[in-house]
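Engineer: Take a look at the letters that make up each chain.
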Amino acid sequence: MSVKSFLPPAERSTMGGFLIGIVAVLVFISGIALTATGAISALVDNWNSSVKGTLTVQIIGSSSTSTTKANTAIENLRKLPDVKRAEIVSRDKIQALLKPWLNDDKLIADLPLPVLIDIELTSPSTLAISKVTAVVKSAADDAIIDDHRVWLNRIADFAMGLSYIALSLMIMAFGALVLTVVFATRASLTEYVHVIEVLHLVGARDAHIASQFSWRTWRQVVWGGMLGLLAFAPALAGIAWLARRIDIGILPPVTLPVPYWIGLCLLPIVAGLISYVVAMTTVRRALSGMV
Amino acid sequence: MALFRSKTKESESDPVQLEGVSLRYGNSPDIFSDLSLTLPARSLHFLTGPSGAGKTSLLSLLYLANLPSNGQVRLFGHDVAKTSRAKRTTIRRQLGAVFQDFRLLDHMSVFDNVALPLRVTGTPETAVQENVSELLRWVGLEGLFDALPPVLSGGQKQRVAIARAVVTRPKLIIADEPTGNVDDAIAERLMQLFVELHKLGACVIVATHNERLVERFAFPRLHMERGVMSVLPAKSPSPSTGAQAG
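Chains as they are written, first to last, in our numbering: chain L, 1 to 291; chain S, 1 to 246.
If we strip away everything but chain L, and leave its shape as in the complex, we get (with noise of 0.2 Å):
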């Protein structure tokens, strides 16, 4: 069969730049989603790999007693098999851990800092965490433990709703495209009824015609994707941009990872591929109207 299309040219059809247009914003939209997802995914996953499996033991109080406990926890943990390392903080790095916050070196160095362990376990298991518990509150009973899951949870059931906010977001801008090829494509069916008639007439099968119409669609959505794309990719510059300007903690470099950028440059062609699909449908719907 001819693969010449019998529709007229793209660039007169009053529709043909609409869609474009809108394709263009849909996927726009859906790349600002799809990459907070995937940055609050990988920022996720580096607070996780970063903390967990790790403790910090607390122990307040004046500052040779809390060396003298703290030493001797440090002894008795040494010997579990569960922990893999276990030493005091140093006051410098506490210090300097406190500096960007009060900025007063004078300030930091009068204050009464608690003794800190950070201890690493091989392997992050409840009863690895009871057991270190137990070491460090027979060696100094007035210990406070922070496994830091407890906010780190928190953060991350908050940065995981973020992140299915932003999904859904992609799947609006997706729901909105199917809406608008709809639209777009029965705007068509309605501009070109009398070339769809006369192929009709002379003999095209209804998967013909409907085919002109979805390669058309598929063209037009493609393209408005490209544009689209081609749009966020100085906004995502920007954010990176923004993002290493943020020097905090909380906030690690993000790498995003392969899968999100191969997603990326896949949703004009998905877009396209969803968009052939519904024309065809809402083609040969209309089709099967007509005698």
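Please note: incorrect hints may appear among the correct ones.
[As the list claims (entries may be wrong)] Over the 12 Å line for every Cβ pair with chain L, so calculated as not near, a few chain S residues:
1. 86
2. 153
3. 212
[As the list claims (entries may be wrong)] Here are the simulated distance ranges between beta carbons:
4. L/172 - S/153: 53 to 63 Å
5. L/259 - S/81: 46 to 56 Å
6. S/140 - L/233: 50 to 60 Å
7. S/125 - L/21: 32 to 42 Å
8. S/150 - L/193: 14 to 24 Å
9. L/9 - S/233: 43 to 53 Å
10. S/133 - L/194: 22 to 32 Å
11. L/172 - S/77: 51 to 61 Å
12. L/17 - S/72: 40 to 50 Å
13. S/151 - L/233: 37 to 47 Å
14. L/187 - S/151: 21 to 31 Å
15. S/150 - L/21: 28 to 38 Å
16. S/150 - L/17: 22 to 32 Å
Derived from the structure by calculation, the hints contain no laboratory data.
Here the structure is a predicted model, which is why all the values come from computation and not from measurement.
For every residue, glycine included, the Cβ atom is placed at its ideal position computed from N, Cα and C.
Got chain L sorted already, so can you dock chain S onto it with the hints?
Structural biologist: For chain S alone, kept in the frame of chain L given last:
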């Protein structure tokens, strides 16, 4: 001439068989009712009658733009109301229609308009080029292959429409006022084309108001008036047609 042939196996494959056919649009009164007609292969009939008599509506049943409100329309032995859409497409590929308003596609060249029925059926491009070029030369449009319909005169458009209708050598040709916009010389030439196709085995129906054409070409006429059809014999000796109407 076998005006009232019995229903034999042979007659079942007649291109056109109408039995008790009525047609109305929506809730309006019948355009015609209880129309029965059989047109065999290798026949040519004029369809005449005053404006509004129902000629175009009758033809619309034959080129499958409408289905009958009542009765049975059988084309090539198939009851069109009961056949699948796919089968109707197959039937459409065996017929060629010339419309009063031409229905050319303005964005396509003369050549591409005529080639359309061949291309939608997947005819090889070499055959398309050969057949369309030959036919366009025959209808006197050799210099206008690349012209777009909007720049053509009414007569030229009509010839393009006729060429498109016959390019597939259809078994049933339905022409609604095919000579309405051309001078007598071209009208005669176009009628000759229909006559040649009828001699090759096609069943041809030509709706016309052109009395001179009807007299010049001695073929029987189906005359419609107020929704009633009668078969009038040719005015001078004519080929046997086998038409029957009731």
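Engineer: All hints are to be evaluated individually against the structure, with a verdict given for each.
Structural biologist: Going through the hints against the structure:
With 12 Å as the threshold on Cβ separation, the claim that residue 86 of chain S sits away from chain L is violated: the shortest Cβ distance comes to roughly 7 Å. The beta carbon of residue 153 of chain S sits about 20 Å from the closest Cβ of chain L, which is more than 12 Å, so the claim that it is off the interface holds. Annotated as non-interface, residue 212 of chain S keeps its C-beta farther than 12 Å from every C-beta of chain L; the closest such distance is 29 Å. Range check, residue 172 of chain L to residue 153 of chain S: Cβ separation about 54 Å, and the 53 to 63 Å hint holds.
The supplied range of 46 to 56 Å is met by residue 259 of chain L and residue 81 of chain S, whose beta-carbon atoms lie about 55 Å from each other. Hint check: residue 140 of chain S to residue 233 of chain L, Cβ distance near 58 Å, so the stated range 50 to 60 Å holds. Separation of residue 125 of chain S from residue 21 of chain L is about 36 Å and conforms to the stated range, judged on CB atoms against 32 to 42 Å. Roughly 18 Å separates the CB atoms of residue 150 of chain S and residue 193 of chain L, a value that falls within the hinted 14 to 24 Å.
Between residue 9 of chain L and residue 233 of chain S, the C-beta spacing of about 51 Å keeps the proposed range 43 to 53 Å intact. In this structure, residue 133 of chain S and residue 194 of chain L meet the distance hint of 22 to 32 Å, their C-beta atoms being roughly 26 Å apart. The given range of 51 to 61 Å is respected by residue 172 of chain L and residue 77 of chain S, whose C-beta atoms sit roughly 54 Å from each other. Taken as a hint, the range 40 to 50 Å holds for the pair residue 17 of chain L and residue 72 of chain S, whose Cβ atoms sit roughly 48 Å apart.
In this structure the supplied range 37 to 47 Å holds for residue 151 of chain S paired with residue 233 of chain L, their Cβ-Cβ distance being about 45 Å. Against the hinted window of 21 to 31 Å, the Cβ-Cβ separation of residue 187 of chain L and residue 151 of chain S comes to about 28 Å, which satisfies the hint. Roughly 29 Å separates the CB atoms of residue 150 of chain S and residue 21 of chain L, a value that falls within the hinted 28 to 38 Å. At about 23 Å, the beta-carbon gap between residue 150 of chain S and residue 17 of chain L stays in the expected band of 22 to 32 Å.
Figure legend: structure checked against the earlier numbered hints; the only hint not met is number 1.
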